[in-house]
Every structure is written in structure tokens, then in C-alpha cells.
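Protein chains: 2
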Amino acid sequence: MTEQSFDYLVAFQGERGAYSEAAAVNFFGEGVTPVPCRTFGEVFLAVEEKRADCGIIPIENSLAGSIHRNYDLLLRHDLFIVGETQLQISHHLIALPEVELADIRRVLSHPQALGQCENSLSRLLPGVELVATYDTAGSVQMLKESGARDAAAIASRRAAEIYGMSILVEGLEDNPENYTRFLILEREQLYPIGPSKTSIVFSMYNVPGALFKALSVFALRDVDLTKIESRPMQGKRWEYLFYIDFAGSLAEDRCANALDHLHEITTFFRVLGSYPRGA
Amino acid sequence: MTEQSFDYLVAFQGERGAYSEAAAVNFFGEGVTPVPCRTFGEVFLAVEEKRADCGIIPIENSLAGSIHRNYDLLLRHDLFIVGETQLQISHHLIALPEVELADIRRVLSHPQALGQCENSLSRLLPGVELVATYDTAGSVQMLKESGARDAAAIASRRAAEIYGMSILVEGLEDNPENYTRFLILEREQLYPIGPSKTSIVFSMYNVPGALFKALSVFALRDVDLTKIESRPMQGKRWEYLFYIDFAGSLAEDRCANALDHLHEITTFFRVLGSYPRGA
Numbered sequence: 000m001t002e003q004s005f006d007y008l009v010a011f012q013g014e015r016g017a018y019s020e021a022a023a024v025n026f027f028g029e030g031v032t033p034v035p036c037r038t039f040g041e042v043f044l045a046v047e048e049k050r051a052d053c054g055i056i057p058i059e060n061s062l063a064g065s066i067h068r069n070y071d072l073l074l075r076h077d078l079f080i081v082g083e084t085q086l087q088i089s090h091h092l093i094a095l096p097e098v099e100l101a102d103i104r105r106v107l108s109h110p111q112a113l114g115q116c117e118n119s120l121s122r123l124l125p126g127v128e129l130v131a132t133y134d135t136a137g138s139v140q141m142l143k144e145s146g147a148r149d150a151a152a153i154a155s156r157r158a159a160e161i162y163g164m165s166i167l168v169e170g171l172e173d174n175p176e177n178y179t180r181f182l183i184l185e186r187e188q189l190y191p192i193g194p195s196k197t198s199i200v201f202s203m204y205n206v207p208g209a210l211f212k213a214l215s216v217f218a219l220r221d222v223d224l225t226k227i228e229s230r231p232m233q234g235k236r237w238e239y240l241f242y243i244d245f246a247g248s249l250a251e252d253r254c255a256n257a258l259d260h261l262h263e264i265t266t267f268f269r270v271l272g273s274y275p276r277g278a
Numbered sequence: 000m001t002e003q004s005f006d007y008l009v010a011f012q013g014e015r016g017a018y019s020e021a022a023a024v025n026f027f028g029e030g031v032t033p034v035p036c037r038t039f040g041e042v043f044l045a046v047e048e049k050r051a052d053c054g055i056i057p058i059e060n061s062l063a064g065s066i067h068r069n070y071d072l073l074l075r076h077d078l079f080i081v082g083e084t085q086l087q088i089s090h091h092l093i094a095l096p097e098v099e100l101a102d103i104r105r106v107l108s109h110p111q112a113l114g115q116c117e118n119s120l121s122r123l124l125p126g127v128e129l130v131a132t133y134d135t136a137g138s139v140q141m142l143k144e145s146g147a148r149d150a151a152a153i154a155s156r157r158a159a160e161i162y163g164m165s166i167l168v169e170g171l172e173d174n175p176e177n178y179t180r181f182l183i184l185e186r187e188q189l190y191p192i193g194p195s196k197t198s199i200v201f202s203m204y205n206v207p208g209a210l211f212k213a214l215s216v217f218a219l220r221d222v223d224l225t226k227i228e229s230r231p232m233q234g235k236r237w238e239y240l241f242y243i244d245f246a247g248s249l250a251e252d253r254c255a256n257a258l259d260h261l262h263e264i265t266t267f268f269r270v271l272g273s274y275p276r277g278a
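Going down the list, the protein sequences come from chains R and L.
Per numbering that gives the first Met the number 0, numbering of the first sequence is gapless, rising by one per residue and ending at 278.
Per numbering that gives the first Met the number 0, numbering of the second sequence is gapless, rising by one per residue and ending at 278.
A portion of the hints provided could be inaccurate.
Just so you know, same-sequence chains aren't split out, so a pair can sit in one copy or run between any two.
[What the hints assert, rightly or not] Calculated pairs, DSSO-like style, for lysine-lysine (alpha carbon to alpha carbon, straight line, at most 30 Å): (1) LYS235 x LYS212; (2) LYS143 x LYS235; (3) LYS143 x LYS212; (4) LYS212 x LYS226; (5) LYS49 x LYS235.
In case anyone wonders, no lab produced these hints; they're calculated from the structure.
Note that this is a predicted model, so its numbers are computed, not measured.
Throw the hints in and build the complete structure from the sequences for me.
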């Protein structure tokens, strides 16, 4: 990690030390200026209203699947995806300095983090009380402020460091294949050169073979799809919006042609962004 | 609704009066014997262990989208989808008899129901405290047992009737286009005659054009897809399982041929069920 300091404001959901902040540091290096937001919706607003230069949001987890709320927000706001990064999620058991494992009666964290550490917790701390909170890093902050010595939080190493807390147990997650993919959002669209990905959203007439026709515009041009997701269309019962990621840039002719072709056969169509492919 | 009484045990998640119970009555008529279960996982177990003849689970809501937990459970258990039914979700504000709207300080319900009534609540009861519970009908039961006269619950008309409570305000939902589709699960597979749907799940080698090839087995035989959903494959980062619903029965040659063809090109393939198409 580089230690340069620059005034690049990055909005993310959660308190200082959130996994999204760690992902931002992965992507930009240390020295970005964090802009913590209460909700995902506020991350989008912070960028739109120029209180942040960019936002970073989780879009899918390798165990839990897509974060559908963020697919809906991408549609509702006019920001562009300009990058992606993935982070291995490693959950640590965090407490005030000098607190010991035997002191712990309560464990605080986001319900998803508690769920992902269920087996480890029942082995290490049988019968411990689990307390659901709205945020992993926020639980560490709460613990710090309360001074409670009978409680621990589950969060990132970064959260422990930021709040000056101790890590009681490292790598508490039951399944180590736990990765989250994040998207970087800005106000301006990119036309990247080199290995890229493009994300789009569209809807079609509800007729037989519609989705097959949509996918054919990519297959006919050897454009590889990396993800497809469907979400309900508000106000149209059992009709769907499709979100597709494909390998390629808006700057490539075959991709631009595929999208022109798709435009012809869709009822709604939008490019969410074209960006360098993550490692 | 028919009033015949028969000893057909139907498992569903939630307490008596849950929307799933109302959907079961829609499908089977009155007189089914309800088997309330604490979780969706327990609904599957109740049917597998023959404590119920069938189960009913919500699979998608027209506003909120798919219930992904139930897609995962369909894969993990060996039950078959034998029917589908949809229910218009109408939320009512329910309290003890003779309680008035002006008495209400707290409103209890499942977070999704509270969210779907957000605007109505802030208009009718500005500043009221919202209390999240695990279950809509369960909140009515809690209210009944506590005898609280300063609280109301949001749940179905059926829940108000079962617990002998009053409806203070009808149709509290902000968006009336609120429908949930439910699946009926049994231990034996059907081969239905007449208008039908079939649900399958499969995975493919992660190669360019894989999903396009999978969809082509249907398009080449004019088999219409009605839904596609993707879920992460556990232990394989950024690889997916696809869940597809199509119009047609396993008893039809063109559908059986399409599935034979799909079987040739998939790494994993399973029929989740073939069932009469819901109204």
C-alpha cells in the first residue's frame, strides 16, 4: 500500500473501518479521504451532490450472492461504474485491550457476519448471546464507546486498528472462500482501453424467446457474459429487468455493435458503466 | 372458498394467519390442516419427515423480487414443486377490539411489511415507533397475548380473524401492485397434462457463450422461459447456478427433448418440478 495522502473523497456505507473502506484502500491505496454514509442510498447521493468524488458499494458476495438493493439503486441514480475490486472477507473477534475470551458474554455484529461465523462462535463461545447491529465496524465503535468488557464485536482488522482495539481471535469465518466484489461509482463515464468489463441493464417485451434474442447479440459477436441478474419491474407484475456484465469495453467496435443491436430489440436500455477489469 | 374439512397437512413458515397460510387456503380451499413452522428450512424438513403432506413457500414478490433463501433450499432438499399460486398482499393495521387509532404509539411487524407501509404509516401515525418482529401474524399473536392497548400490528385479514382482533385501517400498503407467488412442495414428482410450468436448476462450464447455449435448447424448440434467476455456487468464486422456469410439462416431448439436450451441456442439472400453471 502506498502512503501518499491525497484529497480524494470516497463515500461508503458504514462506519470507519467498514469492509467497504478496506476495499477502497485496496483499490486506491492509503491516503483516500473516507466519507462514511449511513445507507447505500446516501452513498449514491453523496457522489451525485459532489460531497464525494466517488462511491464504493458491495455488489455480490461469493457465499451470499448479489446485493439486490444496490442493483435497484444503480437503476435509480445516474452514476457510472468506473472500476471493480474484490476483497477477501476475514472476520475477527474484537474487544477492548486486555479483555480475554473467557470474559465474553455477548457478541455484536451485522446479522450476515454473525451468520458467517456461526460454527466458530458455538465452538469457541458456546451459549454466547448474539446481538444484531446495523454494521460490523459500527459494533466495534459502539464497544469502544460503551467500555463494555464482557462483549466483543465481529469486524475487519482495519476496524480493530482504527478504534485501538484488540483482536481476540483471527479468521472467525466458517468458510474461508468468502469474497465480496465492490463497484466504484463516479459521475462521468469511462471508455477504457485494455481488459475491461461493461455493465448494462435492460427490459424486453414479454414475448417467447426475448431473453434468448438479447443474449444472441453478444454470442453472435463472441462477447463473453460474466454475470446475469434479474430484478422485478416495479408496477409490472412478473416482468423483469435484466442486469448483464460482459467482458469488453464501450471503446471496442464489437461491443458497441452488440449494444446497438440490443438497443433495437429492448423496451428499455442503459449502460451502467465500462471499466478496467479487476484483478 | 369451499368449507369441506379434510386432513391434508400443509406446512408453512410463520404463525397461524401468515400470508403463506392464506395462500394455502387459496390453493387448496378451507379445511386444510395448518402446520406452522419457525423457519423456511423447517417447512422443507416437515414435508421430508412426513409431518406434513405438503409445504408452501413464497418464491417471489412483485415489488421486492425473489426470495433467494428459498431458491437455495430447493437445491438442498429433495422435494418437488407440484403447484404455484399467487396472492395479492394487503396489509391491515390490527389492534385489540375497541382500541382506537389515536391510542397507537407502536406498530409491530416484519421489517418488509413495515417498509411496504412506510408512507401510509407516516401519514396516519406521524412519529409512531416501528418495532421489527420475525413474523406478520406472529406480531398479532404477541399483541393479543400482551394485551397492549397502545400498540398495533401489520398483518393479513386472516390473522385478525384468527386471533379475534380488530382491523383499524384496511389496505395500508403504499403500492397496491403487491403480489407474492408461492410454490407448493411435495415428496413425489408430477407429470401434468394441460397448461404447465417446469422449474429446473443447472450449472455450466465457465466458458464464453455457455448461458446462450443453455437458453438455445429452449429457443430452438419454441419453449418459452418465464423466469431466470442466478445464485452463487458455494466454494466456486463467481460461478453461478441458474434457476429457470419455462412454460410446458415434462409430459411434453418438446420439453423432455429440450431437457435431454440441456443435460448434454451442463455440469449439474436437476428438475425441481413440473406443475399446472397458476391462474
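So, going through the hints one by one against the coordinates:
In this homomeric assembly, LYS235 and LYS212 come within 30 Å of each other (Cα to Cα) both inside a single copy, at 21 Å, and across copies, at 29 Å. For the homomeric pair LYS143 and LYS235, neither the shortest alpha-carbon distance inside one copy (48 Å) nor that between copies (37 Å) is at most 30 Å. For the identical chains of this complex, LYS143 and LYS212 are neighbours neither inside a copy (56 Å) nor across copies (54 Å), given an alpha-carbon limit of 30 Å. Taking identical chains as interchangeable, the C-alpha atoms of LYS212 and LYS226 lie at most 30 Å apart whether they share a chain (17 Å) or sit on different chains (15 Å).
When the C-alpha separation of LYS49 and LYS235 is checked against a cutoff of 30 Å, the pair qualifies neither within a copy, at 34 Å, nor between copies, at 38 Å.
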